[in-house]
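**Student:** Keeping the supplied structure of chain A fixed, place chain B upon it in accordance with the hints.
Given next are the chains, with one letter for each unit.
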Amino acid sequence: MKARILGIAALVSVVAAAIVGLVIVPADLNQGDAQRIMYVHVGSAWVAYLSFGVTALAGLLWLWRRDPRFDALALAGAEIGVIFTAFAIWGGMMWGKPVWGVYWQWEDPRLTTTALLLVLYVGYLLLRRLTDDPTRRATRAAVVGLVAAIDIPIVHFSVVWWRGLHQTATIGSPDRILNPAAPLVFVLALVSMTLAMSLAWAYLMVRRYELARLEWAREESARRGRIVAARTPATAREVAR
Amino acid sequence: MSDWPFVVAGYGVILGGLALYAALLQRRLAAARRSGPDESSPLEDE
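From first to last, the protein sequence lines are chains A and B. Per my numbering: the first sequence ends with 241, consecutive numbering throughout. Per my numbering: the second sequence ends with 46, consecutive numbering throughout.
With the rest of the complex left out, here is chain A (with noise of 0.2 Å):
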């Protein structure tokens, strides 16, 4: 009943962002209407940050506690992480034609190392496939999940490391579109759409993280079975028949 409160929530908070994005938020100066898809680039990149950040201290917990819980919640950050990342460079894509000219390019190291990042959470879900242990899998996971994330800052500061096509950060940066001396609108806008996908991600999580605990009880349970019926004389097994 919570969760679906919350799903309730996050849709109109996403329909009322899009709304404020797209209607009432004039364009931009020298972007025009084009800027207009920063509000979900940004939510998107965030929301994925953050879920990556959560399947790598899961994964941490797990190779503490050995909780599946841990584990679980490892898998539900991975996989809405990967999809938020999509969505990230699927909407910086769109944005970057009509402002850069270019949908990509791969010397940008912001554009490069996001791309990474979505090929090594892709191999994190594709590694979890590779055993019916749920254990060793989660152990395994667990190690790639926290690897994966040391390319979680080398995304952020790629912008200040290196130089690139891409802006830098885009709140706080005094020669930016969004500074604390922008019109109050334009920061709206972006804290807007950015709390509505925050809710949307807190709501698919709370989904996915119960999808992860039925599939891993099941499959313990099948496994639980497997052994059962290995340690179980033929006849026993007939009769049980």
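Among the clues, some could well be false.
Selected chain A positions facing chain B (Cβ under 7 Å, derived; list incomplete) [stated by the list, open to error]: (1) Val206; (2) Arg207; (3) Leu214.
It should be emphasised that the hints constitute simulated quantities derived from the structure, not laboratory data. Values in this document were obtained by computation on a predicted structure and should not be read as measured data. For every residue, glycine included, the Cβ atom is placed at its ideal position computed from N, Cα and C.
**Tutor:** Chain B in isolation, oriented as in the chain A frame:
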């Protein structure tokens, strides 16, 4: 050329994708709840 096709494509894919993923997740969850943990382990309780 107008930037609106890019804006519509950006918002459409992201928000549409979000809705599609939420719907698919709901479906997967409903299927997992229906099947339950004991379906594939008939010998567990014996």
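**Student:** Work down the list of hints and note, for each, if the structure agrees.
**Tutor:** Here is how each hint holds up against the structure:
| no. | hint | in the structure |
| --- | --- | --- |
| 1 | Val206 | 10 Å, violated |
| 2 | Arg207 | 5 Å, holds |
| 3 | Leu214 | 4 Å, holds |
Checked against the numbered hints given earlier, the structure breaks only hint 1 and satisfies all the rest.
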